[in-house]
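Enquirer: In order, the protein sequences belong to chains A and B.
Position one of the first sequence corresponds to residue 1 (the working numbering), numbered consecutively onward.
Position one of the second sequence corresponds to residue 1 (the working numbering), numbered consecutively onward.
Among these hints, one or two may not hold up.
Claimed, not checked - Residues from chain A that keep clear of chain B, each with C-beta distances beyond 10 Å, as calculated: (1) PHE58; (2) MET82; (3) ILE179.
Claimed, not checked - In silico BS3-like pairs for lysine-lysine, Cα to Cα no more than 27 Å straight-line: (4) B/LYS47 - B/LYS586; (5) A/LYS75 - A/LYS158; (6) B/LYS189 - A/LYS121; (7) B/LYS189 - B/LYS87; (8) B/LYS189 - B/LYS90; (9) B/LYS223 - A/LYS17.
Hints were generated in silico from the structure; no laboratory data involved.
This one's a predicted model, so the numbers in the text were calculated from it and none came from an experiment.
For each residue, glycine too, the CB sits at the ideal point set by N, CA and C.
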Amino acid sequence: MMTTVQTNEPQRIHPYKFTLWVGMGSIVMMFAGLTSAYVVKKNQSSWLEFDLPRVFWFSTIVILLSSVTIHLAAKAFKARDMGRYRTLITVTAALGVVFMLMQTWGFFELDARNIALVGPKSNSAASFLFVITSLHMLHVLGGVIALLVIFARAHSVKVKSYSSMPIQLTATYWHFVDILWIYLFIFYNWIG
Amino acid sequence: MSNEAVLHAHSDAAAHDAQGGHHHEHHHHETFISKYVFSQDHKMIAKQFLITGMFWAVLGGLMSVLFRLQLGYPDTTFPWLEDILGKWAKGGHISPEAYYALVTTHGTVLVFFVLTAGLSGTFANFLIPLQIGARDMASPFMNMLSYWFFFAASIVMLSSIFVETGPFSGGWTAYPPLSALGDASPGSKTGMDLWLISMALFVVSQLLAGLNYISTVLNMRTKGMSMTRLPLTVWALFFTAILGVLSFPVLFSGFILLIFDRNFGTSFYLSDIFISGVGALPNEGGSAILYQHLFWFLGHPEVYIILLPAMGMASEILSVNSRKPIFGYMAMVGSMFAIAVLAFLVWAHHMFVTGLNPFLGSVFVLLTLLIAVPSAIKVFNWLTTLWRGNIRFTPGMMFAIGFVSLFISGGLTGIWVGNSALDIHLHDTYFVIAHFHIVMGVASMFGMFAGIYHWFPKMYGRYLNNSMAYIHFWVTLAGAYLIFWPMHYEGLAGMPRRYYDYSIWESFKQFAELNRFISTVAIIVFAVQLLFLFNFFYSVFKGRKVTVQNPWSANTLEWTTPIRPGHGNWAGEIPEVHRWAYDYGKDGKEFIPQTTPVGADESHH
Chain A
1 MMTTVQTNEP QRIHPYKFTL WVGMGSIVMM FAGLTSAYVV KKNQSSWLEF
51 DLPRVFWFST IVILLSSVTI HLAAKAFKAR DMGRYRTLIT VTAALGVVFM
101 LMQTWGFFEL DARNIALVGP KSNSAASFLF VITSLHMLHV LGGVIALLVI
151 FARAHSVKVK SYSSMPIQLT ATYWHFVDIL WIYLFIFYNW IG
Chain B
1 MSNEAVLHAH SDAAAHDAQG GHHHEHHHHE TFISKYVFSQ DHKMIAKQFL
51 ITGMFWAVLG GLMSVLFRLQ LGYPDTTFPW LEDILGKWAK GGHISPEAYY
101 ALVTTHGTVL VFFVLTAGLS GTFANFLIPL QIGARDMASP FMNMLSYWFF
151 FAASIVMLSS IFVETGPFSG GWTAYPPLSA LGDASPGSKT GMDLWLISMA
201 LFVVSQLLAG LNYISTVLNM RTKGMSMTRL PLTVWALFFT AILGVLSFPV
251 LFSGFILLIF DRNFGTSFYL SDIFISGVGA LPNEGGSAIL YQHLFWFLGH
301 PEVYIILLPA MGMASEILSV NSRKPIFGYM AMVGSMFAIA VLAFLVWAHH
351 MFVTGLNPFL GSVFVLLTLL IAVPSAIKVF NWLTTLWRGN IRFTPGMMFA
401 IGFVSLFISG GLTGIWVGNS ALDIHLHDTY FVIAHFHIVM GVASMFGMFA
451 GIYHWFPKMY GRYLNNSMAY IHFWVTLAGA YLIFWPMHYE GLAGMPRRYY
501 DYSIWESFKQ FAELNRFIST VAIIVFAVQL LFLFNFFYSV FKGRKVTVQN
551 PWSANTLEWT TPIRPGHGNW AGEIPEVHRW AYDYGKDGKE FIPQTTPVGA
601 DESHH
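Sequences and hints are given; from them, build the entire structure.
Expert: The structure is reproduced here in structure tokens:
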């Protein structure tokens, strides 16, 4: 691990990017902790088996789509096609919001099926799903806020920004929360 | 951003002088707020961590004095206790609730606020940029945030001491159900809420700090500073940061589930247990052991988060003051790597008596005892570094040697408690108290003191007073052994920890005198720490001034900066590194700084 960064070449990874990667590693550890707790708990008594909300399938498609749009946005920025760039990050942020709404809808769907997420009647199977999914939503929300910040910058008339670092960082993070959700989705359905 | 300036300085040597001048001038325009409060200078942030850590050390130490009074003098009343503690010490006698609150807060504060934030917060901030040759951290802003999150955590924790129901009192590990049920004890109410908020803020602080340390060490090293030329302090702080970044999030996830159990009625940890006065809980199927797994997955790496910085600083100080290269540099790095990996694989040795599968237990015994190997390598290397050296007994050196002594004494008992069969008898006794206080608590405090005495001239441009330092050292070392050594005997006799009063137990009445002795020594040792504090603050303002750039004749880069370095550390160009940090007594030269190019006639190292 360390030997790869030993070289003193001028083309080293930017410290901000590197910090983001380490930060994502620590987020991975948090979700690894939660999903392993899920596995431990599942193997103990009184675990409620239930089907995932149907809407999670659609939200998965939405977040995958948003990864495509942010990728295209980063490409558009590099090509200095600012109009296209602005549209694409707006679409990405909107897809992020739609994703969060769909997840919330999923919680209501469970509630309608009489599966309590919290409270004294709840089973920890449903509570786990709620806590882990909500935490992931908070991370998506962080990405949406980052998008709003660079969106404001893209519309600023005073300052012209040529550094692609912000959009690159946001795109990396956005792909990360996307992959994180794919992991959680696979975990809920087939592993956990 | 100043980070861009840092990067710029790295790549563009030609622009250096102009930039250095700019740096220097910039500093005269700093306001009090930007220089001392919301500073982004890693050296100032280090001092903020140090002073805050000292505040907590005094408070946490004082708490231990108070509960030692109860343990040593269970039948005596101290009217002045009621004056300072009010209803918590009615009639001059610490109440059981107050006793548990004191023990819990002492543990939380010492482990997290003093020995994590105070130790690695101080020295990682101070030493990483200075020793790798960087103008500041990768992100000075995040670094500042890290301190202020710690500060906020401190305020919340401090406020919990003053709420009506008292601070949390269920032990520093905060096991449910005591931590999950408000009805369990007075401290489990508001006190626990504040404890959780404070710890959540603390985790954020540590993550921000750790990200920064890792990215700084890997990306901001000066020209020629390859990883294998890094001083061992930086290696140790680097591994510490990796441990923190990987283990604190897991603790955080444990806390999130705890918050849901406390406030939203979920059943992660709580089951249908029966509470007197409340009845059976409505919860179903929760597992308190689940919390223990999540907690100790952080909790064990946390031990090394505390210990590794002390190890790194002791290595550096022992080598500098023995005037000899560190023995087995690569073995030191390798053993720290091994410790960092093993730290994640041994957490269940804290849980041998929770009904853990004995087969699984034996795997954890094996992995735990494996830690003895890298630890023994390190001890061997420290001793061989001292062997036949021209030892200078500076206060820093004394504390570094004291660290080695304590690490050996406490490490050996680790082999006892790491054994699941012996642990059945020793678990939750004073033997465990003795073990972890010596090997992790006092040893790391010694590492911290060694670091403070050694780098004080760099931090403040003045020296600490040596006479006071020697008194501080000898009393603390003797006191540490006198306090904790007898506890091994108490623990072997089966005396459980966390009890309020042992004098009413037939089996442990015999230890009344011994307990009184331990408490007396604890008070003396605490008083000597106040002497150290006096020495520290007196010397910051009135200490003997440092007049030479490199007072210890050391090789590392921090001693090539001006005596009182400004923000940016080096006035001109960042020096280039040509060799490792440990060329002491080589080719008849007493020391060769890292910045000296390798001569043609030099023997190979």
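Enquirer: Confirm or reject each hint.
Expert: Okay, the hints, checked on the actual structure:
Distance check for A/PHE58 against chain B: the nearest CB is about 27 Å away, which clears 10 Å, and the non-interface claim stands. Against the 10 Å criterion, A/MET82 stays outside the reach of chain B, whose nearest CB is about 23 Å from its own CB. At roughly 17 Å from the closest C-beta of chain B, the C-beta of A/ILE179 stays outside 10 Å, upholding its exclusion from the interface. At most 27 Å may separate the alpha-carbon atoms for a hinted pair to count; B/LYS47 and B/LYS586 exceed this at roughly 35 Å.
Restraint check for A/LYS75 and A/LYS158: satisfied, since their Cα atoms lie roughly 23 Å apart, inside the 27 Å limit. This hinted pair checks out: B/LYS189 and A/LYS121 have alpha carbons roughly 23 Å apart, not beyond 27 Å. Straight-line distance between C-alpha atoms of B/LYS189 and B/LYS87 comes to about 17 Å, which keeps the hinted pair within the 27 Å bound. The hinted pair formed by B/LYS189 and B/LYS90 meets the criterion: a straight-line CA distance of about 21 Å does not exceed 27 Å.
Distance check on the hinted pair: B/LYS223 and A/LYS17 sit about 21 Å apart at the alpha-carbon level, within 27 Å; holds.
Of the hints listed earlier, the one the structure fails to meet is number 4.
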